[in-house]
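**Q** Generate the whole structure from the sequences, applying the supplied hints.
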Amino acid sequence: MSKFIIGIDQSTQGTKAVLVNESGRIVLRKDRPHRQIVNESGWVSHDPEEIYQNTLEIVRELITETGVSEEELFGVGISNQRETTVAFGKDGKPAADAIVWQCSRAKDIVTEMSEKDPSFAAAVEEKTGIPFSPFFPAAKMRWLLKNSPAGEMKDLHFGTIDTYLVYRLTDGRSFATDYTNASRTQLMNIHELSWDRELLDAFGISRASLPEICDSNACFGETTFGGFLKKPLPVLSVMGDSHAALYAQGCHEKGMVKTTYGTGSSIMMNIGAEFKKSACGLATSVAYAADGNVYYGLEGNINYTGAVISWLKDQVKLISSPAEVEPAARAANPEDTTILVPAFTGLSAPHWANDAKATITGMTRTTGKNELCKAALESIAYQITDILFAMEKDTGLAIPELRVDGGPTRNAYLMQFQADLSGACVSVPDMEEFSALGVSYMAGQKAGVLNESVFANCSRTQYQPKMSPEEREKKRALWADAIRRTL
Numbered sequence: 139m140s141k142f143i144i145g146i147d148q149s150t151q152g153t154k155a156v157l158v159n160e161s162g163r164i165v166l167r168k169d170r171p172h173r174q175i176v177n178e179s180g181w182v183s184h185d186p187e188e189i190y191q192n193t194l195e196i197v198r199e200l201i202t203e204t205g206v207s208e209e210e211l212f213g214v215g216i217s218n219q220r221e222t223t224v225a226f227g228k229d230g231k232p233a234a235d236a237i238v239w240q241c242s243r244a245k246d247i248v249t250e251m252s253e254k255d256p257s258f259a260a261a262v263e264e265k266t267g268i269p270f271s272p273f274f275p276a277a278k279m280r281w282l283l284k285n286s287p288a289g290e291m292k293d294l295h296f297g298t299i300d301t302y303l304v305y306r307l308t309d310g311r312s313f314a315t316d317y318t319n320a321s322r323t324q325l326m327n328i329h330e331l332s333w334d335r336e337l338l339d340a341f342g343i344s345r346a347s348l349p350e351i352c353d354s355n356a357c358f359g360e361t362t363f364g365g366f367l368k369k370p371l372p373v374l375s376v377m378g379d380s381h382a383a384l385y386a387q388g389c390h391e392k393g394m395v396k397t398t399y400g401t402g403s404s405i406m407m408n409i410g411a412e413f414k415k416s417a418c419g420l421a422t423s424v425a426y427a428a429d430g431n432v433y434y435g436l437e438g439n440i441n442y443t444g445a446v447i448s449w450l451k452d453q454v455k456l457i458s459s460p461a462e463v464e465p466a467a468r469a470a471n472p473e474d475t476t477i478l479v480p481a482f483t484g485l486s487a488p489h490w491a492n493d494a495k496a497t498i499t500g501m502t503r504t505t506g507k508n509e510l511c512k513a514a515l516e517s518i519a520y521q522i523t524d525i526l527f528a529m530e531k532d533t534g535l536a537i538p539e540l541r542v543d544g545g546p547t548r549n550a551y552l553m554q555f556q557a558d559l560s561g562a563c564v565s566v567p568d569m570e571e572f573s574a575l576g577v578s579y580m581a582g583q584k585a586g587v588l589n590e591s592v593f594a595n596c597s598r599t600q601y602q603p604k605m606s607p608e609e610r611e612k613k614r615a616l617w618a619d620a621i622r623r624t625l
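Residue 384 in the numbering used here is what sits at position 246 of the sequence shown, and the numbering runs on without skipping anything.
Hints in this document: simulated from the structure, not taken from any laboratory. You can trust all of the hints, since none of them are fake.
Here are the simulated distance ranges between beta carbons:
#1 E336 with F366: 39 to 45 Å
#2 Q453 with E209: 46 to 52 Å
#3 E199 with Q453: 30 to 36 Å
#4 R610 with P171: 37 to 43 Å
#5 R610 with M501: 17 to 23 Å
#6 E336 with R198: 43 to 49 Å
#7 F366 with A618: 50 to 56 Å
#8 N285 with S606: 51 to 57 Å
#9 E209 with P171: 31 to 37 Å
Pairs of lysine-lysine, DSS-like flavour, derived with a Cα cap of 30 Å:
#10 K254 with K284
#11 K604 with K507
#12 K531 with K414
#13 K613 with K451
#14 K245 with K415
#15 K168 with K231
#16 K369 with K228
#17 K414 with K245
#18 K612 with K495
#19 K231 with K369
#20 K368 with K141
#21 K531 with K613
#22 K531 with K612
#23 K265 with K414
#24 K415 with K392
#25 K495 with K284
#26 K612 with K507
#27 K245 with K228
#28 K284 with K245
#29 K265 with K254
#30 K495 with K507
From the three backbone atoms N, C-alpha and C, an ideal C-beta is built for every residue, glycine too.
**A** Put into structure tokens, the structure is as follows:
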């Protein structure tokens, strides 16, 4: 009898489900996009009910199309878009649309709380390892509480998407999250690994409204996917998408780094079993937790990486397809000095400027479509390199290799420019869906279906740095000047 694991990756743009075999390979993948709800103020929301129904549909399609029997299924893993915040009732019904991680609508709350107590931001960072920001769930939860009719939010549950999906999939029997997601809420004390009473009181959030925190490979309950299965299937792993990708990439040793290129980007370094606070504007979270052992990660998050390409296509309309960006960048004048800083909703790590606006600098009379496409593409690498430099300063460790994943890694121009700018070898795997694979691998190990050999599954294309040190410093100086103008 064959043995399979179902991996679910609930991401910003849509939901994916994969069926993973005993060799750790994906047999089939199913996808379903969901609406991006953006209002005139630029607030970004998702419909949690739509996401849940999409999850049921793609898992049912996955099982039906592969013909896998229920006896061959051994567990489920769930990875999720982090920080996206949901308020829902005991019946599982959402009280409002989810506030997406990249939405900065809670920035006034952050400003108000910081002005009321000038020491509060430092206290938050000391307790949680994360700079005080509207991009994290604590401020989003307070926004929901303040902007709803009196009493409407009483007795509701708050959580990130993983918590909401686990709750719905288990018919309300499991109200839980894992350490990776909890460590990103800005409500978990990262030293004590529990919800922090002082922070809960400050944000006005009841402990009863928050889920239980578990290891990433705990049993999060059982699901029949809305009655589709006769035999309940255990949910054996939950992780935030970036953490799951780190795990699947095999970054299990201290100092190893991965970057996920998606709508935004997460750059995460495994820093081992001891907590270390960043002095360079990065966040320290739980990288993953398994069987009672906790490993920490130093991380920088960028709001607009792949989303910059979407902006070129949907708003500026310079391209009709993301595939057009690479040939445009290659056709651009290599001497053009145009720099785009895509601070469309402020700047996150390592600058943390909530009110920053996007800027374009360095244009000349000959700057045209190709040069703007080149600047947009290169802005991704510039932002990521800022994070890598901050990691090196914080840890004293050189970064010789950057393991990468995500759709934009298929862009050879971007990967080579990333290697040139950072001075690190960029390793692009021949596999995709590392977030889904991360929770599938962890769930499969928990179920006894998979072993350590799965981490050697992929081969990698390596981009070595080719740019001269002089050219690299020249480009870094242009970027630094553009950042100063933006701030």
